[in-house]
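Heads up: the protein sequence lines correspond to chains C and G, in order. The opening residue of the first sequence carries number 1 in UniProt numbering; numbering runs sequentially from there. The opening residue of the second sequence carries number 1 in UniProt numbering; numbering runs sequentially from there.
In short, the hints are calculated from the structure, not lab data. Be careful, since some hints might not be right.
Think about it this way: if two alpha-carbon atoms lie no more than 16 Å apart in a straight line, the pair counts; the simulated EDC-like pairs of lysine to aspartate or glutamate are [to be verified]:
hint: 1; chain 1: G; residue 1: K139; chain 2: C; residue 2: D328
hint: 2; chain 1: C; residue 1: K144; chain 2: G; residue 2: E374
hint: 3; chain 1: C; residue 1: K215; chain 2: C; residue 2: D160
hint: 4; chain 1: G; residue 1: K144; chain 2: C; residue 2: D428
hint: 5; chain 1: C; residue 1: K139; chain 2: G; residue 2: D328
hint: 6; chain 1: C; residue 1: K144; chain 2: G; residue 2: D328
hint: 7; chain 1: C; residue 1: K472; chain 2: G; residue 2: D375
hint: 8; chain 1: G; residue 1: K144; chain 2: C; residue 2: D475
hint: 9; chain 1: G; residue 1: K144; chain 2: C; residue 2: E374
hint: 10; chain 1: G; residue 1: K472; chain 2: C; residue 2: D428
hint: 11; chain 1: G; residue 1: K472; chain 2: C; residue 2: D386
hint: 12; chain 1: C; residue 1: K594; chain 2: C; residue 2: D428
hint: 13; chain 1: C; residue 1: K297; chain 2: C; residue 2: D475
hint: 14; chain 1: C; residue 1: K472; chain 2: G; residue 2: D51
hint: 15; chain 1: C; residue 1: K144; chain 2: G; residue 2: D375
hint: 16; chain 1: C; residue 1: K73; chain 2: C; residue 2: D51
In case you want the letters, here they are:
Number of protein chains: 2
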Amino acid sequence: MKKIITCLLSMAIAGNLMAQDVKPVVANLNKVKLEFKLDPEGKPVYAVYFDGKPVITNAALGFELVNDSAFSKHLELSNVEKADFDESWKPVWGEVSTIRNHYQQLTVHLRQKETPKRLINIVFRVFEDGVGFRYEFPKQPGLKYFVVAKELTQFNLTGDHKAFWIPGDYDTNEYQYTTSKLSQVDGWAVSEKATDIAVRVVPDQHAVATPLMLKSDNGLYINIHEAALVNYPAMQLHVNTHNFQLSASLVPDALGNKAYLHAPFNTPWRTIIVSDQAAAILNSKMILNLNEPSVIKNTEWIKPMKFVGVWWEMQTGKSTWSFANSLDTADAAGNLIANGTHGANTENVKRYIDFAAKNGIEGVLVEGWNTGWEDWFGNWKENIFDFTTPYPDFDVKGIAEYAKAKGVKMIMHNETSGSATTYERYLDTAFRYMNKYGYPAVKTGYVGKIIPRGEHHDGQWMVNHYERVAQKAADHQVMIDSHESNRPTGLHRTYPNWLASEAGRGNEYNAFSMGSAPDHETILPFTRLMGGPMDYTPGIFKLKGYAAGASDRQVHTTLAKQLALYVTLYSPLQMAADLPENYEAHLDAFQFIKEVPADWDDTKVIEAEPGDYITIARKAKGSANWFIGSITDENARTAKIPLSFLDKGKKYAVKVYSDAADADWEKNPEAYVIKEYKATSATVLKINIAKGGGAAITIQPLNNLRNVFH
Amino acid sequence: MKKIITCLLSMAIAGNLMAQDVKPVVANLNKVKLEFKLDPEGKPVYAVYFDGKPVITNAALGFELVNDSAFSKHLELSNVEKADFDESWKPVWGEVSTIRNHYQQLTVHLRQKETPKRLINIVFRVFEDGVGFRYEFPKQPGLKYFVVAKELTQFNLTGDHKAFWIPGDYDTNEYQYTTSKLSQVDGWAVSEKATDIAVRVVPDQHAVATPLMLKSDNGLYINIHEAALVNYPAMQLHVNTHNFQLSASLVPDALGNKAYLHAPFNTPWRTIIVSDQAAAILNSKMILNLNEPSVIKNTEWIKPMKFVGVWWEMQTGKSTWSFANSLDTADAAGNLIANGTHGANTENVKRYIDFAAKNGIEGVLVEGWNTGWEDWFGNWKENIFDFTTPYPDFDVKGIAEYAKAKGVKMIMHNETSGSATTYERYLDTAFRYMNKYGYPAVKTGYVGKIIPRGEHHDGQWMVNHYERVAQKAADHQVMIDSHESNRPTGLHRTYPNWLASEAGRGNEYNAFSMGSAPDHETILPFTRLMGGPMDYTPGIFKLKGYAAGASDRQVHTTLAKQLALYVTLYSPLQMAADLPENYEAHLDAFQFIKEVPADWDDTKVIEAEPGDYITIARKAKGSANWFIGSITDENARTAKIPLSFLDKGKKYAVKVYSDAADADWEKNPEAYVIKEYKATSATVLKINIAKGGGAAITIQPLNNLRNVFH
């Protein structure tokens, strides 16, 4: 199904747009309308409406270039094109097996009135759930290489909306979300308190990161982000706390420049997803649709998976990444002195491999396997890790053979300590090493200040770096799970081997800091996850008393909610993050993790409200089985789940893992009950969810039980 | 011969130094004396004397750190050590076969009086031709990782000396030298006019580069530079044009920081070479002696050589580096359209190989062999070159086989266009490629602004980059000839595979610009060459009418002077830079280039005056043959060359290639005469040298003629 209709408006109409009182050019689809015009000074502006309600009004567009600060003034409209587009495509993996890409496209061709008469086009795509637009710098005599000083794009809102936001930090997205009115945005106040984040760079007190989730007083849900961030810095939003105008703020390079470009060039898409239903925000595929198709031709080797790892034990202080306590001491032979707490030792790794093999978990991640961890953090230095030298107690060859014999996939870990220069220096060698030892995936990490010094995690140079790593990984048929990288923008459509990113506040904060509030996971799908999957590392069963030296620390959910997260927080890479012994203490609950898949044919958002609750049902890839996750914030509630998505007339077995009656994230988090029912598509489940709680549900056709569950 | 005597001064003496009127601590050797003391504020100062005359007076020492701006105030002397050292060592290649390293060492141990009582040592080495000193940050609790904000080192001169200087540019050393009084130093005036240098960054109007050559009114020759520049930025000198105090000025990084360090750390050596004889400056081995011995254990594969190259024809506009004229046009099949002027085509390369083989020239350099040259320069972009993709008309395998069969060594060319990030990304691959095709050497290039953007050619990050490349080259047994890198500091002792650098204004400026004045080559040995060999590319025979589209352009020397440069400008890599056809037109003169070696057992500086003239005799490695080069500036002169260095009682055949009577660099540069004589050690040659002229001389024992010359 593919249909394009192009209608070229006449130049006469285009010419009319120069007059002050002219009607704007319009594109629309269903309830969404986009208006574009040039203002009396010849500056481009746009507006967005949903169901007749203004969403974005009189918002500027354009650029200042380093060598042309007036680039976007005194423009004239030389042509307008309009086209309708409707097709469907199949992602390599995802929440659904087929994605419809349906929009009306409006392209405005702009030209400077005066010499050098530079050209810029703006392409709008109006979907039924919002608007995406990008700038295109065509090949032209007057503009070849150029440097962006400022992107002028605005998103001017109509009121003091409720916002779910984190500060506009150049180097991290790992803040807790603040829920406040736009007028109350204060990134400095938040950043100052966020002492559990090591590197915090928030130059603008009133800048917020995207995806930014908003809710208007008149019931609109609005999400602002970007799609296809390639060769360009991440966009943050400066909030005018008085008039609620938001302006693009690009993360600069070491010199304060924003982007070094070469025409022809297309910017990332700026995305405005809007609906009067919160669920529609979570269902939106606009960001994926605005990304380019896969550049990887053979994708057979790309497989979603669950994994366990030698990791939580370090996060909680039970063992260490490092082999020795210091680089400064050595034994008589000049070797490091083992500290006896090194987690990535061969015996311990084999224990995780055994556990994975026994429970049908596909992968095992091992951190701290390679030399460098004695002095790796916080000193902004290069050449800490070489990515190919294991510690003496990590038998890389023996472990590879052991895992292979057990049918378990090893996941490589490449922590760069922020020195991207070092990683690039070793990239060829590092990926050859993974191939040699049969690692099909790598978790990358960028903890600390970036080198090249002066660059930021979210600037153009690093955005290009992450893409280079994804490309190099694809060349070596390796899947990527990037941590501390820029937040995703749907680029996993183009690089389906880039399965997931952290790039947000994961479960780990409950291990090494005071953690995240109970509403955290109800906000993430509306914010961080809008751009792509997150390696959140759910599945913690021991929710108190796990942190060495911090007995008061606890995870801010119930155990049942940890199960629900495998459904509500979509990712093709899902960790079972807790220790094998903690799973073995609750094998009945662990059964859900064993069964829940990491790839889906279909997804239904049953109910959702950002900051409050989310219930999602998903149908397993190539299966008739459904899985439901339902979570709440700090308030208890009853989830009502109509099973109307099930096949009519069929009977199903339903298994509900939910909070016990006396469960409570704070006082009694590990109390859960498991119940089994029979159901049909007419059934409506009513499940009591505790404060900070959740429920996880498996549904399978009754005639099909034995074949599917293992 | 190795002798060390250590005498520990008592703490009582050290304590005395705190008083204002205390005698300084002294070290000396022959005519050179060094004094050190703490001033009344506890700041370290030093002075240097030669034969009782003050050279440097009351000059500050020390640092400001980013986190300790008062690091060098309120210091106290905790210990003083003194030792004598005398040994000899043999370089892998060089101007002499044995080098004596003879000095008295004074180490002052300093400590902050107040908490955190940080430690810093200053180590002075007093040689008979000057003083070197460095700072040592010992391992200590109060200082682990630190950032240098400013190095306070001064070199306070006693008067308004005559100086041979180039501006303190962060990115280039390719200026013509200005000869002026210190009071007249104005880097901006020079930089503004130097339009033949593409990237010029001179933030300080009164900064000059090192090596800085000075001559005082009272007859002292003084050279200030540094030795063993490792993991630190290059030092420039800020000139106070009123009181002639010079201060260290370190090239900053993108953020304005100077150096990121980790104790224990030793800075480069600051060097002050001084004599009342100009020749002693050229004879000094202090800078080499202050470098560490070779880190390469097996040096058998490192061989000095002469080479020709597909290069001057591009410099002069006869052919092009690029295969096509534009990346924007393609033929029907999508391939680049050949411009028909591509120099590095297989047939032309084989012509150079034939010429080299026929004339006993060891190597052939080929530039423009790899894709990327259509749009490589001036746009500050990455990923132009991948260092392993030849143009379609360059048969890399066929050429490698052809050269091997002819006994000729191919020299790889890796131009980075300033993008060090790109080069590091491909470094492993690039060197494997050289090994695969049997290239024993590589010419690297860094034309343009550096990436990482904001870094400079001469900053710490790039200094580390050049060393990484040298190390990687050594790992692959490849020799390095680096262009547009930082000027050398004797590091070729430590990395003897790093044969030469450009890092100065080479002969190429006579090809693509209006060139260099006739005194240029009389200044270079006193400045640029003090730190190490230069790939100057001498040997141009066609001195007028060579530049396409610039018929008035000419080289500013005579032909005989081009021959002399092979001796006066020492390098283990010497290019015969002109086209084969221009050599074939003067085969009698070319005979000298065929015979002159690139490695020596001994060197005698016969006469020298910076900016005026230089005459040097050198004895070929493993041979009884001597070679002499004598050059002048724009003034004609008569060189008087006593052959007293020859063995007494032996007879020698002498062949003199000199300017014809009517030769003149400007009007008649290609007029030369070749004469033969017999001589003994009692002979004094008197040779007329034209304006801008020179003479080249071969001397061989009479009983030995046939065996040596070929």
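Right, here's what the structure says about each hint:
{"no.": "1", "hint": "G:K139 x C:D328", "in the structure": "10 Å, holds"}
{"no.": "2", "hint": "C:K144 x G:E374", "in the structure": "14 Å, holds"}
{"no.": "3", "hint": "C:K215 x C:D160", "in the structure": "9 Å, holds"}
{"no.": "4", "hint": "G:K144 x C:D428", "in the structure": "32 Å, violated"}
{"no.": "5", "hint": "C:K139 x G:D328", "in the structure": "10 Å, holds"}
{"no.": "6", "hint": "C:K144 x G:D328", "in the structure": "12 Å, holds"}
{"no.": "7", "hint": "C:K472 x G:D375", "in the structure": "25 Å, violated"}
{"no.": "8", "hint": "G:K144 x C:D475", "in the structure": "40 Å, violated"}
{"no.": "9", "hint": "G:K144 x C:E374", "in the structure": "14 Å, holds"}
{"no.": "10", "hint": "G:K472 x C:D428", "in the structure": "14 Å, holds"}
{"no.": "11", "hint": "G:K472 x C:D386", "in the structure": "14 Å, holds"}
{"no.": "12", "hint": "C:K594 x C:D428", "in the structure": "35 Å, violated"}
{"no.": "13", "hint": "C:K297 x C:D475", "in the structure": "11 Å, holds"}
{"no.": "14", "hint": "C:K472 x G:D51", "in the structure": "64 Å, violated"}
{"no.": "15", "hint": "C:K144 x G:D375", "in the structure": "11 Å, holds"}
{"no.": "16", "hint": "C:K73 x C:D51", "in the structure": "32 Å, violated"}
Against the hints set out earlier in the document, violations occur for numbers 4, 7, 8, 12, 14 and 16.
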